[in-house]
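Asker: In this note's numbering, the protein residues as written are 1 to 280.
I should point out that these hints are in silico values taken from the structure, not numbers from a laboratory. What you are looking at is a predicted structure, and each value in this text was computed from that prediction instead of being measured. All residues carry an ideal CB built from backbone N, CA and C; glycine is no exception. Be careful, since some hints might not be right.
What the hints assert, rightly or not - For each label pair, taking beta carbons as the anchor points, the in silico distance ranges come out as:
{"#": "1", "residue 1": "R79", "residue 2": "M1", "range": "16 to 26 Å"}
{"#": "2", "residue 1": "G76", "residue 2": "A261", "range": "40 to 50 Å"}
{"#": "3", "residue 1": "G159", "residue 2": "A267", "range": "34 to 44 Å"}
{"#": "4", "residue 1": "A263", "residue 2": "S58", "range": "21 to 31 Å"}
{"#": "5", "residue 1": "S201", "residue 2": "S26", "range": "30 to 40 Å"}
{"#": "6", "residue 1": "P216", "residue 2": "A132", "range": "18 to 28 Å"}
{"#": "7", "residue 1": "T204", "residue 2": "S58", "range": "30 to 40 Å"}
{"#": "8", "residue 1": "R79", "residue 2": "A221", "range": "34 to 44 Å"}
{"#": "9", "residue 1": "R29", "residue 2": "D262", "range": "18 to 28 Å"}
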Amino acid sequence: MAAYLIGDVQGCDAPLGKLLDTIGFSASRDTVYVLGDLVNRGPASAAVLRRLMALGSSARCLLGNHDMHLLACAYGIRRPHKRDTLEEVLAAPDRAALLDWLRRQHLALHEDVAGRPLLMVHAGVLPQWTAAQAVALARELETVLRGNDIEGFLREMYGNAPDHWHDGLQGNARLRVIVNALTRLRFCSVDGRMEFDSKDSAATAPEGFMPWFDVPGRRTAQDTVAFGHWSTLGWLDRRDVICMDTGCVWGGPLSALRVAADAAQQALVQVDCPQAQQPG
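Could you build the full structure based on these sequences and the hints that come with them?
Answerer: Below you can see the structure in the form of structure tokens.
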């Protein structure tokens, strides 16, 4: 039995299939954790969703910002952007099944993966949150996405405010902070204020901000947080963080990490993604 982390697929189904073949993935034996942004920008988002659905419980998938955007487009709340490639899903004969499966995926997981405890999110975790709190807050949002109030939330999802967490937040403002942290976060301040304009590397943090995982006193510093979302950061493997977004859709490889309790026994496997877009 093996367990793997896979970064942002973003609709690149052929590389995903090649990667699963390369690692010898068996749905009857192995587990793959896909860290969000399953769809968009690549050429085959519907095929990615169908492939992951077919893996059943062997595929443990997170939702990223592009997945949330697809749901908003599907409910008529947003129109696809010029560079989006979501029409294949929106016009699919099995659209309803694809979208129903998507909205039942997770925003955070905290599990023992091949003997190594991992907190898994798409983007980041605010410094005030413990791993248990991050998962509990993710569950609040998951309940909304799976319920009858999903459309009301999606109408209020977009926006950068509030830009920080406090326990008194309620309603859609509370949910917006949760979704922004878990699916969009890269930089924040020492006191946990989020910044969303910069998408550059960790070395180019805006003044007064830093990568969320470098904030002093971060309450998940003793955990290992696995995430994607940050292609300009790329592959990063530290005791406390693992970044799996190697920019497949932007010309980089698609990556899978075979997880092991002993980090020295981990194995990183990568395949090329020939259908790259230009950033923008």
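Asker: Against each hint, give a clear statement of whether it holds in the structure.
Answerer: These are the hints, each one checked on the structure:
1. R79 with M1: 16 to 26 Å: 44 Å, violated
2. G76 with A261: 40 to 50 Å: 46 Å, holds
3. G159 with A267: 34 to 44 Å: 41 Å, holds
4. A263 with S58: 21 to 31 Å: 24 Å, holds
5. S201 with S26: 30 to 40 Å: 36 Å, holds
6. P216 with A132: 18 to 28 Å: Roughly 21 Å apart at Cβ, these two residues keep to the hinted range, so it holds.
7. T204 with S58: 30 to 40 Å: 38 Å, holds
8. R79 with A221: 34 to 44 Å: Check passed, 40 Å falls within 34 to 44 Å.
9. R29 with D262: 18 to 28 Å: 20 Å, holds
Checked against the numbered hints given earlier, the structure breaks only hint 1 and satisfies all the rest.
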